[in-house]
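Number of protein chains: 2
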Amino acid sequence: MSETNTFTINDLNRVRRLAYRGHYDRATIYPIVDEALICHVGFVQDGQAIVIPTIHARVDDTIYLHGAPASRLLKLAATSEKLCITCTLLDGLVLARSAFHSSMNYRSAVLFGSGRLVTDYDEQWLVMEAITEHVAQGRWADVRRATDKEMQSTKFVAVDIETASAKVRTGPPGDDEEDYALPIWAGVLPLALTPSAPIDDPRLMTGVTAPKNVSEYRR
Amino acid sequence: MSETNTFTINDLNRVRRLAYRGHYDRATIYPIVDEALICHVGFVQDGQAIVIPTIHARVDDTIYLHGAPASRLLKLAATSEKLCITCTLLDGLVLARSAFHSSMNYRSAVLFGSGRLVTDYDEQWLVMEAITEHVAQGRWADVRRATDKEMQSTKFVAVDIETASAKVRTGPPGDDEEDYALPIWAGVLPLALTPSAPIDDPRLMTGVTAPKNVSEYRR
Numbered sequence: 007m008s009e010t011n012t013f014t015i016n017d018l019n020r021v022r023r024l025a026y027r028g029h030y031d032r033a034t035i036y037p038i039v040d041e042a043l044i045c046h047v048g049f050v051q052d053g054q055a056i057v058i059p060t061i062h063a064r065v066d067d068t069i070y071l072h073g074a075p076a077s078r079l080l081k082l083a084a085t086s087e088k089l090c091i092t093c094t095l096l097d098g099l100v101l102a103r104s105a106f107h108s109s110m111n112y113r114s115a116v117l118f119g120s121g122r123l124v125t126d127y128d129e130q131w132l133v134m135e136a137i138t139e140h141v142a143q144g145r146w147a148d149v150r151r152a153t154d155k156e157m158q159s160t161k162f163v164a165v166d167i168e169t170a171s172a173k174v175r176t177g178p179p180g181d182d183e184e185d186y187a188l189p190i191w192a193g194v195l196p197l198a199l200t201p202s203a204p205i206d207d208p209r210l211m212t213g214v215t216a217p218k219n220v221s222e223y224r225r
Numbered sequence: 007m008s009e010t011n012t013f014t015i016n017d018l019n020r021v022r023r024l025a026y027r028g029h030y031d032r033a034t035i036y037p038i039v040d041e042a043l044i045c046h047v048g049f050v051q052d053g054q055a056i057v058i059p060t061i062h063a064r065v066d067d068t069i070y071l072h073g074a075p076a077s078r079l080l081k082l083a084a085t086s087e088k089l090c091i092t093c094t095l096l097d098g099l100v101l102a103r104s105a106f107h108s109s110m111n112y113r114s115a116v117l118f119g120s121g122r123l124v125t126d127y128d129e130q131w132l133v134m135e136a137i138t139e140h141v142a143q144g145r146w147a148d149v150r151r152a153t154d155k156e157m158q159s160t161k162f163v164a165v166d167i168e169t170a171s172a173k174v175r176t177g178p179p180g181d182d183e184e185d186y187a188l189p190i191w192a193g194v195l196p197l198a199l200t201p202s203a204p205i206d207d208p209r210l211m212t213g214v215t216a217p218k219n220v221s222e223y224r225r
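Protein chains in written order, with this note's numbering: chain G, 7 to 225; chain D, 7 to 225.
Same shape as in the complex, but just chain G (with noise of 0.2 Å):
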């Protein structure tokens, strides 16, 4: 991780709409990066944005992507400088009197970096294990890990993060003053990501349970 704790505030990266729901300090954009499942990866191909969602992780300052050598995705993002790694999560709409002053509570990060192919061995050993436990804390000590044709036909992309910025909304809505005497429901509907009882595999052998991370799975 860089020596200091917070990225500097650039053209790229600032907050400009409700500046002061942006942060910069790692504190507050990796927890974000950490908790999401996926992160939406925006690259460009010939002038042309594209945003294609995927698994990751985070280790230290950098972003962790894998797939299938075919893919696009991983094609681009490896030779890219000027990828753009976003990382969103809901935490409720904000339903105010006023349709205008409707928003959502959210926290999102977005991450700047270049992507490089990751080559080297044990680095990829890293990224197999650090996407399995993003995924799911405890799943790389469960699981039947990866074997040399696995590992070769997986493609590794790295993108070491340069600069980034969170924004976050809390709170309930901010209605116009006038507005707090009609008589019109408002407040906020809290919304998470939330798992249901695992679904055993049909072929799952006879006497195997879920484990505790699984089946006690919250991020």
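Hints were generated in silico from the structure; no laboratory data involved. Treat the hints with caution; some may be incorrect.
For identical chains, the list gives no copy identity; a pair is met inside one copy or between any two copies.
For lysine to aspartate or glutamate, the following EDC-like pairs were computed, each having C-alpha atoms within a straight-line distance of at most 16 Å [unchecked claim]:
(1) Lys81 - Asp17
(2) Lys88 - Asp17
(3) Lys88 - Asp166
(4) Lys218 - Glu139
(5) Lys155 - Asp182
(6) Lys88 - Asp52
(7) Lys218 - Asp148
(8) Lys155 - Glu168
(9) Lys161 - Glu184
(10) Lys161 - Asp126
(11) Lys161 - Glu129
(12) Lys81 - Asp52
(13) Lys161 - Glu135
(14) Lys88 - Glu168
(15) Lys218 - Glu183
With chain G fixed as given, assemble chain D onto it according to the hints.
Showing chain D alone in chain G's frame:
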């Protein structure tokens, strides 16, 4: 809406990797767009990809965005011919016996199109209603509608969808044949964006209670 119900497959929207998961018909793509509370908009600034989450609404083959006139997203979206709008719904963790075959169940829609500023007052009203209803169906009938001043201080952008595709994964893990004999739990952990009880605004007028479209909210 266009005459055919399927987008032509081209280099932009073609699902390359695991092509059998790709869909090009509006009947698959649009329900994903409509269920997603937010989208991730990708645009290009000085060769740099930028991905920003925002609330949207779909009307026929058009995605509408709105926000403050100062927003970089809206400024660039209104003039970009090469936007990408991606909506992603997470349905579950796919926990295979092997790290390699672990995955997620998801539905994602990737839309491509040009942005244009919405200047027509009637279309602006349509956007205001569509976005309010997109977030919480029935809300438009309850809220204090926007004033002329509020409408003038809101920027509305339309993105007419030129091409699109969806990618969908469902069902249990697909492990290697020999791995089914391993005593490792495998299956799906279903996930859904779930509301909990509405939180009344601290300044809510006495006697006002949450309407059914909030207290029984579901996507």
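Hints, one by one, checked against the model:
| no. | hint | result |
| --- | --- | --- |
| 1 | Lys81 - Asp17 | between (27 Å within a copy, 15 Å between copies) |
| 2 | Lys88 - Asp17 | within (14 Å within a copy, 21 Å between copies) |
| 3 | Lys88 - Asp166 | within (11 Å within a copy, 26 Å between copies) |
| 4 | Lys218 - Glu139 | within (14 Å within a copy, 40 Å between copies) |
| 5 | Lys155 - Asp182 | between (62 Å within a copy, 13 Å between copies) |
| 6 | Lys88 - Asp52 | both (13 Å within a copy, 10 Å between copies) |
| 7 | Lys218 - Asp148 | within (11 Å within a copy, 44 Å between copies) |
| 8 | Lys155 - Glu168 | neither (33 Å within a copy, 40 Å between copies) |
| 9 | Lys161 - Glu184 | neither (57 Å within a copy, 24 Å between copies) |
| 10 | Lys161 - Asp126 | within (11 Å within a copy, 48 Å between copies) |
| 11 | Lys161 - Glu129 | within (12 Å within a copy, 46 Å between copies) |
| 12 | Lys81 - Asp52 | within (14 Å within a copy, 21 Å between copies) |
| 13 | Lys161 - Glu135 | within (14 Å within a copy, 45 Å between copies) |
| 14 | Lys88 - Glu168 | within (10 Å within a copy, 25 Å between copies) |
| 15 | Lys218 - Glu183 | neither (49 Å within a copy, 26 Å between copies) |
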